[in-house]
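Visitor: Sequence:
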Amino acid sequence: MTPRPLFLHIGTRKSGTTSLQGALKTSRPALLAEGVNHPFNSRPQHMKKVLAPMLALGVGDGEEGRQGIRELVRTLRDAPGDRLLLTLEDLAEMPEEPVAHLLAALSEDFEVHVVITARDWSKQIPSEWQQLVKSRLTLPYGDFATAVREERPEVALFRQRQHLPGIARRWSQGLPPEHVHVIAVPSPKREPMGLYELFAGLVGYDPAALEVSRGSWNTSLGYEQAEMLRQVNVALGDRLSDVRGEYRPVVRRLLINGALRKQEPGRSLGLPAGDVAWVTEESQRMLDELRAAGHEILGDPQDLLPAEGGRTMDLEVDPDEVARVAVQALADVVVRSSRADEPAAQKPQPKARPRSGAKTAAPRPAPAGPARRAVRRARRLAGRVKRRLAR
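By the count of full-length UniProt numbering, the sequence shown reaches residue 391 at its end, each step adding exactly one.
The hints are simulated quantities; they were obtained by calculation from the structure and are not laboratory data. No experiment lies behind these values; they were computed from the predicted model shown. Careful: at least some of the hints might be erroneous.
Here are the simulated DSS-like pairs of lysine-lysine, each with C-alpha atoms no more than 30 Å apart in a straight line [claimed, not checked]: (1) 49 to 25; (2) 262 to 25; (3) 189 to 25; (4) 189 to 262.
Please take these sequences and the hints and turn them into a complete structure.
Guide: Here you go:
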């Protein structure tokens, strides 16, 4: 009996994965009707059922991880559907040993196909820098691009996540090379449905079955916004050092989602003008390696190369614009904080009946609001930002 196909979509990050996963989740009943089962219909489920066992293989004797992978295989084996689909972009960066263990276990029961969605590095370098700044990176954008070119250890995670031949090499262990499929993601402006159609054609369902949201799933920052956030990371020093437990909940809730996303983003990030040549050479080298390895490339391979006349940018930062972004963000944070305290402060108090003959006290004046303090704090912050940028 021919084993069922299992499509394992492993990323890469910033290649349209979030919008694709949202469409797959929303369209689960329609996909089931076409024989495609997406058994873990959320990111937390994929993290728990797929990623956690792989990580646990490196803890102690690894038995917890092996047990988790056996449980994953049993769950998938019992799942209905002609074709199964898993999707988690965190998988692309996983090291060789846990990948080999997972693929070997899945291949005993399924015809495993690994799917890599990819964009060219002229888009991925600015996108990854912005995302890493949201996770406490302090490296300036120009230094980050240079570090990627020089393969410095401080940006090793970028190559682990985005070097396509390396990802394909790790994820093709024990598989026929043609079972690793690289989708060259077209520009959404040029082909809004391009990614969804290529993915549907590979897995085997009608792309019209997908309910695709036209909105943005991720908050994109402008250059000065991201630079302001980077400077906040520098100013934090050792504070909020736990990125997942302390930093992200506060910074993303208050600063990014609560303030920055309300602003006009300003200058879009592009590839630094001086990096176009080496990025083009590296992209061509990666494409050649994928072809030589025998992996299938879906879509236009040119979409894995920087476009001629693509977006580039001058790295010079406008200190006045960074200061404006900071002041506006601080004002929004102050307003948001005051609203959070508002319900308790403004709850109507029951009126007490004055005792007979007692004098009624004059109402106490309301304490001064935060507006004046906020303005003073904003001005001080703007001054510090300007002085730092002028150094």
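Visitor: If you draw a straight line from the CA of residue 189 to the CA of residue 262, is it 30 Å or shorter?
Guide: Holds - the C-alpha atoms of residue 262 and residue 189 are around 23 Å apart, at most 30 Å.
Visitor: Is the Cα-Cα distance between residue 49 and residue 25 30 Å or less?
Guide: holds, 17 Å
Visitor: Checking one constraint from the list: CA of residue 262 to CA of residue 25, max 30 Å. Satisfied?
Guide: Satisfied, since the Cα-Cα distance of roughly 27 Å is no more than 30 Å.
Visitor: Take the C-alpha atoms of residue 189 and residue 25, compute the straight-line distance between them, and say whether it is at most 30 Å.
Guide: Roughly 23 Å between the alpha carbons, so the hint for residue 189 and residue 25 holds.
Hint compliance for this structure: no hint is broken.
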